[in-house]
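For the protein sequence lines, the chains are A and B, in the order given. Take any residue in the first sequence, count from 1 to its spot, add 258: that is its number in our numbering. Take any residue in the second sequence, count from 1 to its spot, add 1: that is its number in our numbering.
FYI, nobody ran anything at the bench for these hints, they're computed from the structure. You may find that some hints are simply not true.
Some but not every residue of chain B turned toward chain A, in silico, with C-beta under 10 Å [said to hold, decoys possible]:
#	residue
1	LEU22
2	ILE48
3	VAL56
4	TYR60
5	GLN74
6	CYS76
7	PHE114
8	SER115
9	CYS117
10	CYS121
11	GLU131
12	LEU133
Here a beta-carbon is modelled for each residue, glycine too, at the ideal position from N, C-alpha and C.
Residues per chain, in single letters:
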Amino acid sequence: MNSNELTRKMLTKNFGVINPESIDDYIREGGYSELEKAIKLDGKDIINEIKISDLKGRGGAAFPTGLKMEAVNQADGFPKYIICNADEGEPGNFKDRYLMENDPHQIIEGIIICAFASKINYGYFFIRGEYIKAAKIVENALEQARARGYLGDNILDSGFSFDIEIYTGAGAYVCGEEFSLLATLEGRSGRATYKPPFPTICGLYNKPTQINNVETFCNIPHILKLGGKEFKKIGTVSSTGTKLVCLSGNIRRPGLYEVELGTTIKDIIDELGMGVPRNRKIRMVQLGGASGPVIPESMLQIRLDSDEMRKHDMSFGSGAIIVMDDRIDILDILKRNIQFFHHESCGKCTPCREGLLQILILLDRFIDESAKESDLQLLEILIETISLTSICGLGQAAPTSVKKVLEYFREEFTDRIHTTASAVK
Amino acid sequence: MKISEILDKNGRTPDKLISSLLEYQNSTLCNYLTEDDLREFAEETGIPLSRISSVASFYSLLSTESRGKYIIQVCYDVPCYVNNSVNIVEELEKNLGIKMGQTTEDELFTLEFSSCLGCCDKAPVMQIGENLYGNLTRDKIISILDSYRRKNNEQ
Ligand SMILES: Cc1cc2nc3c(=O)[nH]c(=O)nc-3n(C[C@H](O)[C@H](O)[C@H](O)COP(=O)(O)O)c2cc1C
Ligand code: SF4
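I would like the entire structure built from these sequences, with the hints used as guidance.
Structure (structure tokens):
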């Protein structure tokens, strides 16, 4: 397939077509018409349509959005809140920034429709502190939406009132995790807590709260427009719709691309990214970001499809694809990944706070070739322990890349075990 | 701006604390919060000083140590790294005569590592204040730093 056949523009169709600062441009392209229709429907019917579409969250965990909406809808408690998670901080990801900077009203329309479906009256747009330009564009878009009566009291004369407040973070990756995000919104240090209960039942100020990723919200108007059944035809059985992929690393044309789910990683790299510069060979590709799995070149035929990925004990996460050519030292890359998580660990639980440090110490032993056979076993036990016993997703997912290197590039470790033979050499 | 003015504008409830701390810090000359500042926040809001201190030390955009007028954040993560961000760090350190984490003697620049800035398609990148700079090369770095020096001299 060539690059034109590979891209499937749905969420990015307005990119470069509209001025993101202009609500008129968005409306001219059909924007807010789904909200106008939705507001005359019953909330349960909207949620049902989302359930039929089988949309899954785009923030990394792929939880079914319709089920989340239903849980909030049915939860007892007042007021209820809705939060757009734009804390994007996973290395390799920039899709949410592009969505905010190029088509902010698409996100806002999605949030308002969800809020209406569950009669939620207040929302937060949580943007990471480093995204200054994106925050300004969203702020401007919110004001415009308010001025047009899409936000505020009695929206479009429906009797439904809803507003969104923008909130900028202060620099902590862990705040993308739901409970840590909620703690930050409440003005506390963003440390995670045990789940359950989930935010849908016990979220902001202990009230039912719907938290979704930017890209997830963007899909909502499109689902209502197409109908859940038509939407479901896009993509594969287990992964419906399109996906924004963030292509970076050693690649000729890095950037943001929108493809139908089910596309192979190889097609994305070769056709959209035009391959690796200077005809070097691909050594390793990391999927989803620093917390995601790594695969060798021989596995690039794998598709963006939950079922297929799960067979290999993987997921495609939030859509980052980081390509690395044959000049990299794999263990050096692992060290950087773990350093990131060690630095971003909130420090609340021991496996993550101390365990990641221990992984770093072990990695150093392999890097300077002083590791013993037993260090390999120690590393494997450590990975297992951290994944199983950390409180939140940060610690649970942090060792993924190390684990996958042990699976697909094991010789990177075994070749660097210190033997008496190599000591003599 | 004074702390009380910022709080008058934003409100004194805990949910406004982090943004107010950030706003105040960014208005100070040396980009940081002193112990006295934190104490004043506590008195003004009624939020315990311990909680405010904990917040101030938790978030990377908040600092309790004196920093330069311009903060240079350099991405440290893999997409930038495989596009040579190590040399970027060397260039910056050489040009500024400081190491990562330090502030120049004239208090103009502070050099910091930053987690991924979400611009991996333009790697390697750095951010100075509100401005992002991508596809960095040695020459680009020199001219960017010079432009800030000039800007400062003109002020
Ligand atoms: C450490 C950590 C960081 C996360 N960062 C983000 C983020 O920046 N943006 C995001 O949407 N989800 C992030 N998530 C996932 C969220 O916790 C949550 O699953 C998501 O926002 C739900 O939205 P979705 O169902 O639409 O994907 C993060 C999770 C963890 C554990
Ligand atoms: S896993 Fe890490 S980030 Fe999560 S709660 Fe534990 S220490 Fe904090």
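Checked hints:
1. LEU22: holds (8 Å)
2. ILE48: At 7 Å from the nearest chain A Cβ, ILE48/B passes the 10 Å test, so the hint holds.
3. VAL56: holds (5 Å)
4. TYR60: holds (4 Å)
5. GLN74: Holds. Min distance 8 Å.
6. CYS76: holds (8 Å)
7. PHE114: holds (8 Å)
8. SER115: holds (7 Å)
9. CYS117: Result: holds, 4 Å to nearest chain A Cβ.
10. CYS121: Holds, about 4 Å.
11. GLU131: holds (5 Å)
12. LEU133: Holds. Min distance 8 Å.
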